[in-house]
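The end of the sequence shown is residue 61 by the working numbering, with every number in the run present.
It cannot be assumed that every hint is accurate.
Stated by the list, open to error - Using C-beta positions, here's what the derived DEER-type ranges look like:
hint : residue 1 : residue 2 : range
1    : Leu6      : His44     : 26 to 32 Å
2    : Gln26     : Arg57     : 17 to 23 Å
3    : Ser37     : Arg57     : 28 to 34 Å
4    : Gly56     : Arg14     : 28 to 34 Å
5    : Gly56     : Pro13     : 14 to 20 Å
6    : Arg57     : Asn7      : 27 to 33 Å
7    : Leu6      : Gly42     : 15 to 21 Å
8    : Arg14     : Arg57     : 17 to 23 Å
9    : Gly48     : Val3      : 17 to 23 Å
10   : Arg14     : Gly41     : 18 to 24 Å
11   : Pro13     : Arg57     : 32 to 38 Å
12   : Ala46     : Thr17     : 18 to 24 Å
13   : Asn7      : Pro28     : 17 to 23 Å
14   : Arg57     : Thr17     : 28 to 34 Å
It is worth saying that the hints were derived from the structure and are not from the lab. No experiment lies behind these values; they were computed from the predicted model shown. We put the CB at the ideal spot given by N, CA and C, even for glycine.
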Amino acid sequence: MPVLELNHLYLEPRHLTLLQHILHQQVPHAEVWAYGSRVTGGAHEASGITGTARFGREGPP
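Take these sequences, add in the hints, and give me the full structure.
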C-alpha cells in the first residue's frame with residue numbers, strides 16, 4: 001500500500017486539523033491508515049472517512 005502525505009486526503013483543511021487533533025488525543029502511539037473515497041478522490045461533501053489504527057506488537061498503551 002502506498003504511503004501518502006496528509007495533503008492527499010480529500011478533506012477541508014479545518015476537518016483535517018480536527019481529525020489530527022482527535023487522533024493525537026485518542027491514539028497518540030498508533031499508525032493510522034485511511035482508505036476509501038477520501039484517499040482515492042471519489043469523495044463527495046457527505047462522504048465519511050474510513051481508517052484503522054495500527055499499534056505495535058504490544059498493543060495500545
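Consistency of the hints with the structure:
{"no.": "1", "hint": "Leu6 x His44: 26 to 32 Å", "in the structure": "violated, 20 Å"}
{"no.": "2", "hint": "Gln26 x Arg57: 17 to 23 Å", "in the structure": "holds, 20 Å"}
{"no.": "3", "hint": "Ser37 x Arg57: 28 to 34 Å", "in the structure": "holds, 31 Å"}
{"no.": "4", "hint": "Gly56 x Arg14: 28 to 34 Å", "in the structure": "holds, 31 Å"}
{"no.": "5", "hint": "Gly56 x Pro13: 14 to 20 Å", "in the structure": "violated, 30 Å"}
{"no.": "6", "hint": "Arg57 x Asn7: 27 to 33 Å", "in the structure": "holds, 30 Å"}
{"no.": "7", "hint": "Leu6 x Gly42: 15 to 21 Å", "in the structure": "holds, 18 Å"}
{"no.": "8", "hint": "Arg14 x Arg57: 17 to 23 Å", "in the structure": "violated, 35 Å"}
{"no.": "9", "hint": "Gly48 x Val3: 17 to 23 Å", "in the structure": "holds, 22 Å"}
{"no.": "10", "hint": "Arg14 x Gly41: 18 to 24 Å", "in the structure": "holds, 20 Å"}
{"no.": "11", "hint": "Pro13 x Arg57: 32 to 38 Å", "in the structure": "holds, 35 Å"}
{"no.": "12", "hint": "Ala46 x Thr17: 18 to 24 Å", "in the structure": "holds, 20 Å"}
{"no.": "13", "hint": "Asn7 x Pro28: 17 to 23 Å", "in the structure": "holds, 21 Å"}
{"no.": "14", "hint": "Arg57 x Thr17: 28 to 34 Å", "in the structure": "holds, 31 Å"}
When the structure is compared with the earlier hints, violations turn up for hints 1, 5, 8 and for no others.
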